[in-house]
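Quick note on the numbering used here: the sequence shown kicks off at -16 and runs consecutively.
Treat the hints with care, since some could be wrong.
[Unchecked claim] Derived lysine to aspartate or glutamate pairs resembling EDC-like cross-links, with alpha carbons at most 20 Å apart:
| no. | residue 1 | residue 2 |
| --- | --- | --- |
| 1 | Lys86 | Asp54 |
| 2 | Lys86 | Glu(-11) |
| 3 | Lys(-3) | Glu91 |
| 4 | Lys(-4) | Asp27 |
| 5 | Lys89 | Glu18 |
| 6 | Lys86 | Glu18 |
| 7 | Lys(-3) | Asp87 |
| 8 | Lys(-3) | Asp60 |
| 9 | Lys(-3) | Asp22 |
| 10 | Lys86 | Asp22 |
| 11 | Lys(-4) | Asp60 |
| 12 | Lys89 | Asp27 |
| 13 | Lys89 | Glu19 |
[What the hints assert, rightly or not] Pair by pair, the computed Cβ-Cβ distance ranges are:
| no. | residue 1 | residue 2 | range |
| --- | --- | --- | --- |
| 14 | Ala114 | Arg82 | 20 to 28 Å |
| 15 | Phe76 | Asp27 | 17 to 25 Å |
| 16 | Tyr48 | Lys(-4) | 18 to 26 Å |
| 17 | Cys40 | Asn104 | 34 to 42 Å |
| 18 | Leu64 | Arg135 | 18 to 26 Å |
| 19 | Ile16 | Ser102 | 15 to 23 Å |
| 20 | Lys89 | Ala114 | 41 to 49 Å |
| 21 | Thr(-8) | Tyr48 | 21 to 29 Å |
| 22 | Met59 | Ile16 | 36 to 44 Å |
| 23 | Asp123 | Ile88 | 39 to 47 Å |
For the record, the hints were derived by calculation from the structure and aren't laboratory data.
The structure presented is a predicted model; accordingly, all values stated were derived computationally and were not measured.
Just so it is clear, CB atoms sit at the ideal spot from N, CA and C, and this is done for glycine as well.
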Amino acid sequence: MFTKAEFSTLLIKKYHPRLGSNNKVYHHKCEMITEEGIDLAVPDHQDTTVTLLSTYCNSGLQAYYRGRWYDVPTRMDSMLLMTGSLLGEITDFKIGSLRHRVKDIKTERHSMPFFFNPSFNTNISRSISGAATATGHEFDRFGPWQVVQLHREEPGLLAPGDLF
-16 MFTKAEFSTL LIKKYHPRLG SNNKVYHHKC EMITEEGIDL AVPDHQDTTV TLLSTYCNSG
44 LQAYYRGRWY DVPTRMDSML LMTGSLLGEI TDFKIGSLRH RVKDIKTERH SMPFFFNPSF
104 NTNISRSISG AATATGHEFD RFGPWQVVQL HREEPGLLAP GDLF
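Taking the hints into account, I'd like the entire structure generated from these sequences.
Spelled out as structure tokens, the structure:
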């Protein structure tokens, strides 16, 4: 799965503070204000496989655990490791996924996520036990599925016809 020609992505992201008046917009169909009235820079989501993240000691990242949102502490010289939904499916949910979001901290914020993904042609239609995966109903290979996911999240990166 991860042994040959992985299809990984490194992003350097810069988030700009937004005015309250333009924060009630939708980011890929997600409202950018929570029910609690918190402005968001990135809406509630789960990544797909394995994410290594450097936040450069910027606050704002929140993790959802047992019905509550928690601020993720920041530390200089550290990386966060998060696991995603597809990894959960492929491992028969032996590895969970982290639901998270990013608060708009009203100042410029930087982060650098590295998404460690399997090779483009990895079969994602079956888990390690051989059970059918939900993702595999639409796509049997990782690459085409990931291109569609990337295009949904970051429309300027890739379009579904770019690589296949």
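query: Against the structure shown, which of the earlier numbered hints fail to hold, in ascending order?
result: 2, 19, 22
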